[in-house]
Amino acid sequence: MSDNLSALIAAELVPLRPEWISQQYQDEAAEARALDAQDPDLYWEWVAARQRWQRPWTTLRRGELGDFEYYVGGRINVADNCVDRWAEDPAVRDRPAVIWEGEPGDTRTVTYAELADQVGRLAAGLLELGVRRGDVVAIYLPNTIEAFVAVHACNRIGAIYTILFSGFSEEATRSRLEQAEATVVIVADGSYRRGRVVPLLETLRAARARLAVQPTTVVLDRTGSGTELVAGEVDYGRLVDAQTEWAPMEEMDPNEPAFLIFTSGTSAKPKGVVHSVGGFLVGTWANAHWQVGPEEGDVYWVAADVGWLTFPIQAVVGGLANGMTVLCYEGALDTPTDERFFEVCEKHGVTKVLAAPTILRVLRGVDPDKRAAHPLSPLKLVTAQGEPLDSESFTWATENLGGGVPVINAYGQTETGSTWTYPIYGVDALKAGSAGTPVPGHEYAVVDAAGRPVPAGVKGDLVITRPFPTLARTVWKDPQRYHDAYFSRFPGMYATNDEAVVDGDGHLWVLGRSDDVINIAAHRISTMEIEEVVGGVPGVLEAAVVGVPDPTKGTVPVAFVRLAQDAPAGTEQAIQAAVPRELGRYVQLARVYVAGALPRTRTGKTMRRLLRDVATTGRATGDTSAVEDVAVLDEIIALVSKPSADEEAGT
1 MSDNLSALIA AELVPLRPEW ISQQYQDEAA EARALDAQDP DLYWEWVAAR QRWQRPWTTL
61 RRGELGDFEY YVGGRINVAD NCVDRWAEDP AVRDRPAVIW EGEPGDTRTV TYAELADQVG
121 RLAAGLLELG VRRGDVVAIY LPNTIEAFVA VHACNRIGAI YTILFSGFSE EATRSRLEQA
181 EATVVIVADG SYRRGRVVPL LETLRAARAR LAVQPTTVVL DRTGSGTELV AGEVDYGRLV
241 DAQTEWAPME EMDPNEPAFL IFTSGTSAKP KGVVHSVGGF LVGTWANAHW QVGPEEGDVY
301 WVAADVGWLT FPIQAVVGGL ANGMTVLCYE GALDTPTDER FFEVCEKHGV TKVLAAPTIL
361 RVLRGVDPDK RAAHPLSPLK LVTAQGEPLD SESFTWATEN LGGGVPVINA YGQTETGSTW
421 TYPIYGVDAL KAGSAGTPVP GHEYAVVDAA GRPVPAGVKG DLVITRPFPT LARTVWKDPQ
481 RYHDAYFSRF PGMYATNDEA VVDGDGHLWV LGRSDDVINI AAHRISTMEI EEVVGGVPGV
541 LEAAVVGVPD PTKGTVPVAF VRLAQDAPAG TEQAIQAAVP RELGRYVQLA RVYVAGALPR
601 TRTGKTMRRL LRDVATTGRA TGDTSAVEDV AVLDEIIALV SKPSADEEAG T
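Numbering (our numbering), first residue to last: 1 to 651.
No wet-lab data here; the hints were simulated from the structure. Do not take every clue at face value.
Pairs of lysine to any residue, SDA-like flavour, derived with a Cα cap of 20 angstroms [what the hints assert, rightly or not]:
1. K642 to V630
2. K477 to Q179
3. K370 to E343
4. K642 to T616
5. K347 to R371
6. K269 to S175
7. K370 to G349
8. K642 to P549
9. K269 to Q179
10. K370 to G539
Pairwise CB distance ranges, derived in the manner of DEER restraints [claimed, not checked]:
11. Q588 to G297: 22 to 30 angstroms
12. Q573 to P199: 41 to 49 angstroms
13. A449 to G63: 46 to 54 angstroms
14. E228 to E181: 25 to 33 angstroms
15. R513 to H374: 30 to 38 angstroms
16. I21 to P368: 45 to 53 angstroms
17. Q573 to R513: 26 to 34 angstroms
18. D334 to A590: 29 to 37 angstroms
19. A577 to D334: 39 to 47 angstroms
20. D367 to Q573: 21 to 29 angstroms
21. P551 to D478: 37 to 45 angstroms
All C-beta atoms, glycine included, are put in the ideal place defined by N, C-alpha and C.
Build out the structure end to end from the sequences listed, making use of the hints.
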């Protein structure tokens, strides 16, 4: 094991403080792990028994990785479990299901009983428009209560939904509608972002006009502007209000498609990953249950965009399946000021937050006096996922946010349909930077290029060795691509295409995408290892490292950093010196770019792909529709095009 990797994974276990421990979850986790030790399928039976079934299953699991089914013979409905079962419970029906805040400050709250009514009536409206079981409905909405309603209206009648990211460009929207063959699109006229209106309906109209078969469009008047509708468009409010009865609740085969979500692949054509009805419900219930630990009085803020699968996993399905109160926020977390995150938490009494690690890095950069004005005493948990979590941000949050809270770092993928390795809330010790250990029902290995397991401390490819319910079942209308993408490299195993290592405590460290591993003069090193060193330099708030081609070494790393206002003079030089000192002389940063901000998605994830494009070619060559603030990307392009000090000096 290399010295730098040893240093990275040598973090000590952080025991839970007494106030962070939950006896309820200690007891439940012990029961679940005992079942898992006997047979993971016994655990999945335990989880499924906590849902409401319309008909019990006859066979728990059939098949293996690449072709499997769960709960064969059973019938279940996701909307019934996430909405109706709670609306029918006198103790829960008046509990807030969704608390919503728009960027301008407008708010709404719906109880479970009110949500059930809206879902039942929108579902009836979709039937009126001709939507039938198995048809595809596209949801092109920002973070709104109507996004929750639309998803569960589809679930209620057995329509397959696909959520389109509200920042998508016209072409990205068109291509996904074309592949999905959507019969109906539910869209907002606009969305508020950084003080301006994002014209969603305008984008959709342009995309829709280029489709051979044009779907019916249901338009939500989010902005209150009363946009005049054109042929093929229906007003959302009128459609729902016109329904006098709820749509019937379909009895769904748990292995039918529930939704598809498009994820980029190695080719230009995005993959429509398909998740199942019962598998996604059961698995996301478990995911939210263990990762967040629902407790009486919780207000759970999933600080993510509805277009990121994390939002359906943790909020729309997993959160509601646990009967939680979920906070949904529409806008940017630094609008109108960088105190917005703290203000939203205070206003709504947030107890638990899920966010991308970058959001923690942004919060670290907020003026300490401003942070001190918002103690966030109700806060009990921060959980992070979506990209590597650096140890500095982990330590800062555990010591400062809300007076100090546990930070659970979780790992999963769009294809896995849930995060599957992390410390269980209230139960497991934490470790800065690691993704903990697999929760029950999941098995994995770290292997070499030949598919053979490697020892602890040795980097390798992360693979999944056993099926579980939320794992994607196929690629939409392209089953061969499903097998080629995930099962051809390591037969009998699912290839995550991520590099990982296991430490001496059995904790898993996911080091990043395999294609993000930099090969410097025949030495392989992950970008996460370099970022950890750069991020540890005093004054550095955030770091993103990418590899660029080099005629001599093959690939060299460059770093984009954001510095604190009080960063010491010479911080850039300190970064340059720290990397070879900590990692070895062969690792030299070719450039350090000091930026005012780094390009992010709306969910807060740093867009390293675009940084690599710009550092390599001087421009953003890929799709930029997911960038939260294009002005930041323009600044990065200008920064990269500026000559270095050595170049200006002619050396």
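Here is how each hint holds up against the structure:
Straight-line distance between C-alpha atoms of K642 and V630 comes to about 19 angstroms, which keeps the hinted pair within the 20 angstroms bound. Between K477 and Q179 the alpha-carbon distance is near 9 angstroms, which keeps this suggested pair within the 20 angstroms criterion. As the CA atoms of K370 and E343 are separated by approximately 11 angstroms, the hinted pair is consistent with the 20 angstroms bound. For the given pair, K642 sits about 14 angstroms from T616 by alpha-carbon distance, which is consistent with the 20 angstroms threshold.
Taking the CA atoms of K347 and R371, the gap is near 15 angstroms; set against the 20 angstroms cutoff, the hint holds. This hinted pair checks out: K269 and S175 have alpha carbons roughly 8 angstroms apart, not beyond 20 angstroms. Proximity of K370 to G349 is assessed by CA-CA distance (about 18 angstroms); at most 20 angstroms being required, the pair is judged to hold. Only pairs whose Cα atoms come within 20 angstroms are accepted, and K642 paired with P549 is accepted, the gap being roughly 19 angstroms.
Restraint check: the Cα-Cα separation between K269 and Q179 comes to about 9 angstroms, which is no more than 20 angstroms; the hinted pair holds. Pair hint K370 plus G539 holds up; C-alpha atoms about 18 angstroms apart against a cutoff of 20 angstroms. Separation of Q588 from G297 is about 53 angstroms and departs from the stated range, judged on CB atoms against 22 to 30 angstroms. Between Q573 and P199 the CB atoms are about 45 angstroms apart, so this pair conforms to the stated range of 41 to 49 angstroms.
Taking the beta carbon of each, A449 and G63 are about 27 angstroms apart, not inside 46 to 54 angstroms as hinted. Range check, E228 to E181: Cβ separation about 28 angstroms, and the 25 to 33 angstroms hint holds. Between R513 and H374, the C-beta spacing of about 35 angstroms keeps the proposed range 30 to 38 angstroms intact. In this structure the supplied range 45 to 53 angstroms is violated for I21 paired with P368, their Cβ-Cβ distance being about 29 angstroms.
The hint said 26 to 34 angstroms for the Cβ distance between Q573 and R513, and at roughly 30 angstroms that hint holds. At roughly 31 angstroms, the beta-carbon separation of D334 and A590 lies within the given 29 to 37 angstroms, and the hint holds. Evaluation of the 39 to 47 angstroms hint for A577 and D334 yields a failure: the beta carbon distance comes to about 32 angstroms. The hinted range of 21 to 29 angstroms is satisfied by D367 and Q573, whose Cβ atoms lie roughly 26 angstroms apart.
Between P551 and D478 the beta carbons are some 38 angstroms apart, a value that agrees with the proposed interval 37 to 45 angstroms.
When the structure is compared with the earlier hints, violations turn up for hints 11, 13, 16, 19 and for no others.
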